[in-house]
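For chain A, the structure is supplied; the task is to place chain B on it using the hints.
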Amino acid sequence: MQERSFPTPKAADESAHFSRYSLSALDRVNFIPDVMTLAYIILLPLLGALLPRLFIRLGRTACAWVTAAVVATALILLLDLAPRVFGGETLIMRLPWLTTPHLDIALRLDGLGLLFALLILGIGLLIILYARYYLSESDPMGRFYGLLLLFMAAMLGIVLSENLLLMFMFWELTSLSSFLLIGYWKHRADARQGARMALALTGGGGLALLAGILLLGHIAGSHELSVVLAAGAQIQAHPLYTLTLVLILLGAFTKSAQFPFHFWLPHAMAAPTPVSAYLHSATMVKAGVFLLARLYPALSGSDLWFYLVTGTGMATLLFGAYTALFKHDLKGLLAYSTVSHLGLITLLFGLNTPLGAVAGVFHIINHATFKASLFMAAGIIDHETGTRDMRRINGLWKYMPHTATLAMVAASSMAGVPLLNGFLSKEMFFTETLLLTRLGEWTWILPALATLAGVFAVAYSVRFIHDVFFNGEPVDLPRTPHEPPRYMKVPVEILAALCLLLGVAPAWTVAPLLAVSAASTLNGALPTYSLAIWHGFNTAFLMSLVALAGGTLMYLLRYRLFALHDRLLRPFDAKVQFERSLALLIAWAARLTGALENGSLQRYTLLLLLSALIVVASGLWGVQLRGPIAGSGVDAITAVGALLLAVSAVTTAVWHRQRLVALVSLSVVGLVVSIAFARFSAPDLALTQLSVEIVTIILLMLALYFLPQHSPAESSRPRMARDALLAGGLGVGATALAWGVLTRPYTTLSDYYLAQSLPGGGGANVVNVILVDFRGFDTLGEISVLAIAAIGIYALLDGLRLPLPETDAGGRRWAVDSNPLVLVAVSRPLLPLALLVSVFLLLRGHNLPGGGFIAGLVTGVALILQYVANGIDWTQARLRFDFHVVVACGVLLAALTGLGSWWFGRPFLTSTFGHFELPLIGELELASAMLFDLGVYLTVVGATLLILANLGKLTVLERERGEAR
Amino acid sequence: MELLFALCIGLLTACGAYLLLRARTFPVVMGLTLLSYAVNLFLFAMGRLATGAPPVIGQAENHTDPLPQALVLTAIVIGFAMTAFVLILALRSRGETGNDHVDGEDVASGPVKEQRP
Numbered sequence: 001m002q003e004r005s006f007p008t009p010k011a012a013d014e015s016a017h018f019s020r021y022s023l024s025a026l027d028r029v030n031f032i033p034d035v036m037t038l039a040y041i042i043l044l045p046l047l048g049a050l051l052p053r054l055f056i057r058l059g060r061t062a063c064a065w066v067t068a069a070v071v072a073t074a075l076i077l078l079l080d081l082a083p084r085v086f087g088g089e090t091l092i093m094r095l096p097w098l099t100t101p102h103l104d105i106a107l108r109l110d111g112l113g114l115l116f117a118l119l120i121l122g123i124g125l126l127i128i129l130y131a132r133y134y135l136s137e138s139d140p141m142g143r144f145y146g147l148l149l150l151f152m153a154a155m156l157g158i159v160l161s162e163n164l165l166l167m168f169m170f171w172e173l174t175s176l177s178s179f180l181l182i183g184y185w186k187h188r189a190d191a192r193q194g195a196r197m198a199l200a201l202t203g204g205g206g207l208a209l210l211a212g213i214l215l216l217g218h219i220a221g222s223h224e225l226s227v228v229l230a231a232g233a234q235i236q237a238h239p240l241y242t243l244t245l246v247l248i249l250l251g252a253f254t255k256s257a258q259f260p261f262h263f264w265l266p267h268a269m270a271a272p273t274p275v276s277a278y279l280h281s282a283t284m285v286k287a288g289v290f291l292l293a294r295l296y297p298a299l300s301g302s303d304l305w306f307y308l309v310t311g312t313g314m315a316t317l318l319f320g321a322y323t324a325l326f327k328h329d330l331k332g333l334l335a336y337s338t339v340s341h342l343g344l345i346t347l348l349f350g351l352n353t354p355l356g357a358v359a360g361v362f363h364i365i366n367h368a369t370f371k372a373s374l375f376m377a378a379g380i381i382d383h384e385t386g387t388r389d390m391r392r393i394n395g396l397w398k399y400m401p402h403t404a405t406l407a408m409v410a411a412s413s414m415a416g417v418p419l420l421n422g423f424l425s426k427e428m429f430f431t432e433t434l435l436l437t438r439l440g441e442w443t444w445i446l447p448a449l450a451t452l453a454g455v456f457a458v459a460y461s462v463r464f465i466h467d468v469f470f471n472g473e474p475v476d477l478p479r480t481p482h483e484p485p486r487y488m489k490v491p492v493e494i495l496a497a498l499c500l501l502l503g504v505a506p507a508w509t510v511a512p513l514l515a516v517s518a519a520s521t522l523n524g525a526l527p528t529y530s531l532a533i534w535h536g537f538n539t540a541f542l543m544s545l546v547a548l549a550g551g552t553l554m555y556l557l558r559y560r561l562f563a564l565h566d567r568l569l570r571p572f573d574a575k576v577q578f579e580r581s582l583a584l585l586i587a588w589a590a591r592l593t594g595a596l597e598n599g600s601l602q603r604y605t606l607l608l609l610l611s612a613l614i615v616v617a618s619g620l621w622g623v624q625l626r627g628p629i630a631g632s633g634v635d636a637i638t639a640v641g642a643l644l645l646a647v648s649a650v651t652t653a654v655w656h657r658q659r660l661v662a663l664v665s666l667s668v669v670g671l672v673v674s675i676a677f678a679r680f681s682a683p684d685l686a687l688t689q690l691s692v693e694i695v696t697i698i699l700l701m702l703a704l705y706f707l708p709q710h711s712p713a714e715s716s717r718p719r720m721a722r723d724a725l726l727a728g729g730l731g732v733g734a735t736a737l738a739w740g741v742l743t744r745p746y747t748t749l750s751d752y753y754l755a756q757s758l759p760g761g762g763g764a765n766v767v768n769v770i771l772v773d774f775r776g777f778d779t780l781g782e783i784s785v786l787a788i789a790a791i792g793i794y795a796l797l798d799g800l801r802l803p804l805p806e807t808d809a810g811g812r813r814w815a816v817d818s819n820p821l822v823l824v825a826v827s828r829p830l831l832p833l834a835l836l837v838s839v840f841l842l843l844r845g846h847n848l849p850g851g852g853f854i855a856g857l858v859t860g861v862a863l864i865l866q867y868v869a870n871g872i873d874w875t876q877a878r879l880r881f882d883f884h885v886v887v888a889c890g891v892l893l894a895a896l897t898g899l900g901s902w903w904f905g906r907p908f909l910t911s912t913f914g915h916f917e918l919p920l921i922g923e924l925e926l927a928s929a930m931l932f933d934l935g936v937y938l939t940v941v942g943a944t945l946l947i948l949a950n951l952g953k954l955t956v957l958e959r960e961r962g963e964a965r
Numbered sequence: 001m002e003l004l005f006a007l008c009i010g011l012l013t014a015c016g017a018y019l020l021l022r023a024r025t026f027p028v029v030m031g032l033t034l035l036s037y038a039v040n041l042f043l044f045a046m047g048r049l050a051t052g053a054p055p056v057i058g059q060a061e062n063h064t065d066p067l068p069q070a071l072v073l074t075a076i077v078i079g080f081a082m083t084a085f086v087l088i089l090a091l092r093s094r095g096e097t098g099n100d101h102v103d104g105e106d107v108a109s110g111p112v113k114e115q116r117p
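Residue numbers (our numbering), protein chains in the order written: chain A, 1 to 965; chain B, 1 to 117.
This is chain A alone, in the form it adopts within the complex:
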């Protein structure tokens, strides 16, 4: 695989002015302890997510207090850093993590991040207080707060990430945790469906975003924001810019519920209201617009950006505002209004003007304040009346004047009434639409549509106020409404007060935060703007007036509009469509699976082989098979060997129904293969193949004892012809591949191994040195597989009952003389010899053909011979150790040898060797790799015997059972 090289970010002068840290911080291993706080801000809620579940035992209030304490601590930490951000610094913290994919734990706190972190933590704190009173006794509060903290940590991660890949991980975490939050009332079908829909859309968008981020990193040469944000021109000149932009926008638009992906948001309203208030005002859906703001310097400025972002934003703004008016559900109205306001923010970022971006950031703040309070007010109303249908909840002013006042302030801000913060950003928006000139003679359309959207916004806001709090008497409410508990209103009061404060005195309240966050959004100088309440009687103010008047008029005409709406527009339920297409997809997948997987292994094998053939054949099609290198000549012995191999292989295939015959010829094939290894300079392979061959054949013989001796003739002729054709095709393909490779020149990386084997590994047998030293980690994995297979086999054999044939297929009884005398006489003295040979093979393996694998197999064969010759009982009585333990010791020994190198401060499995002078024996070379090889040896011996001895034991067991009966 090719190493991708990222150019080290150059010490750019252009970024020097805004960051004290970013330059030196781009050094890979840079650790700035004094902003470690950044990590704690995320870690606190992440780890704190476990606390509510523990503290719920102490009661609901304690649980809420602990949760709030976690968030408050994080908030204090953030506020501690805030002055430095206001001072113009960009704080960057970096911990090296995964260095190869350039994924460090890199966090960043700048104005934009600060703004969002403040919103997340600040509103989060209010939500915790609110939820304490909202959740009923039967709701599991510990789970709620735990999930809320998890979600909060994920959101903080998004807004505080310096590395885009890290940000993406948190992005996915928000999708997952919001899924759990939306589906919190899991006993309700609508909650489950809403959660699933949100996950499907935001998760799908997340995939697009990942692709976009990877492309962006590829173009900019780094995934670090400091680099990406400074590379705007380079990114936009790149041919992949269009694709990158579309993918990233898909991620942002799905998250921020932009048209046509908006429909998950209203259905997410099935969540408890604190969740809606949190997710849909300040956090989840703001992640999308945050991304737009974050990447604004890198991606914005192009025509494509303008048309895509402004167009989508405008469509969402209008659609959301229109739909909101016709929702009778209180939360539905707020949901669509959220969709609409998100469209507005998107639109502002799409305008490609610095002032537009400022207005966008400003509206993010304002929307978070008024929408969070409105949702909470709606929750109170729902809580106190038992319904959210605005056709029934009327005239609540009489019952809850306090709540009504708060809700009216927030709703007025949503409508853009002067003296409230919503008015300020809305007027900035109107001004911006007027300043835009790029549309030529269509310039008028943007202000016109903006005003229209304003009219709708006023209309639904007026409806929210008038329908709910006035408009006659409540109709058939489940409960008699009254004011909620005192502290449930506190969060709403704070937010409503903020709406008013920001609206009346923006310069003394929000101005510094807006300035610093807008500056970091633009990654440069701020444009001049004024936050005054009164800008004179200009066109923008006129547009506001038109919106207010038109909206009120529209509300007065609402019944006619409702009727018209019901008549003209067939209700299009996105949820029904979504569920229907989901069901369709699942049914289609099930059909496809059913068609492919009919339960026949033969069919699977056929399909697998067929696709292998197709892949190879299509790849080889039209390729000159024969390479430039002439082959060497064939000598007579090799030719005879090949002929033997061919004959026995064909015999195995043709006579496979006569299983014993096939098995014998199969063993011939194995022998010829091991001779072939010896012939072509691979003595280690020859030895291994030979010993494995013996063990395999013994195993197959044992197994055959329990299986029918013959296969029935059940394949039809066409089927056999088809299989033969396919097999022939595969054979031709394999031949072509092998021949094609063998006749081509080649380069090897083995020169290193050959050169380093003696000096580096201390062994002359390069194959063995590779196994136990250079690639020891592979070998460790392989012996682990061997051990697992052996233990798996042991488990499979446990409790297995097999029909035991009394006679063979020809009706002959099995031989009574199970332990032939000659074999016994030969095998017993052979054992010490064989063990000696295997020790010899093990010891010399580092320098001459041999080693742990081969020695282990030889020992295994020698011991199995004892079983075969002397019977299970005799051998078992003398081999008094447990093969599991041998296997485990082997793997452990190998692993510990590897770990031993840590003791000396070296990487895992570093080997060492030395020469030692021993009395009598002389010079002896000892390598730590030998210990490793001993582990391999033990594993192989243990595994072989574990398999064979246990299978062999089965024959005895069965016989005993038979006799007992």
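The hints are simulated quantities; they were obtained by calculation from the structure and are not laboratory data. The beta carbon of each residue, even a glycine, is placed where N, CA and C say it ideally should be.
Anything over 10 Å on all C-beta distances counts as not near chain B; from chain A, calculated:
{"id": "1", "residue": "Ile105"}
{"id": "2", "residue": "Ser136"}
{"id": "3", "residue": "Ala191"}
{"id": "4", "residue": "Arg486"}
{"id": "5", "residue": "Val826"}
{"id": "6", "residue": "Leu836"}
{"id": "7", "residue": "Phe840"}
{"id": "8", "residue": "Thr875"}
{"id": "9", "residue": "Ala888"}
To give an idea of the interface, some chain A residues facing chain B are shown, with a C-beta separation under 8 Å as derived from the structure:
{"id": "10", "residue": "Leu645"}
{"id": "11", "residue": "Val695"}
{"id": "12", "residue": "Leu700"}
{"id": "13", "residue": "Glu714"}
{"id": "14", "residue": "Leu730"}
{"id": "15", "residue": "Ala738"}
{"id": "16", "residue": "Trp739"}
{"id": "17", "residue": "Ile770"}
{"id": "18", "residue": "Ala790"}
Covered, in the sense of this in silico footprint (three residues per stretch, anywhere, with C-beta under 8 Å from a C-beta of chain B), are these stretches of chain A:
{"id": "19", "stretch": "646-652"}
{"id": "20", "stretch": "656-667"}
{"id": "21", "stretch": "686-692"}
{"id": "22", "stretch": "791-802"}
Using the frame of chain A, we list chain B on its own:
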């Protein structure tokens, strides 16, 4: 030589694949064994065919490529473990279902009769 070697690999592949497609477990295991011979020989051949050049320092003038050999060596042992596992699986399947069809149901002759008295 190279062509002969390639032909042998092809033949082993073909025989192995044919047996792999049979309906009974034992031939399938044998097919798997043949196929693993073919694969091992193929992998081994990637280091090219050399005569009298074992990769043991000091044993010969030239050394053939040791890396494919090391890979094949472990492949042989792992191949044994897998063959053994499949075989025992086949036995277990026969123990559970009473027949040795790969799908666990004997289409042709019904469950094998217990031959115990």
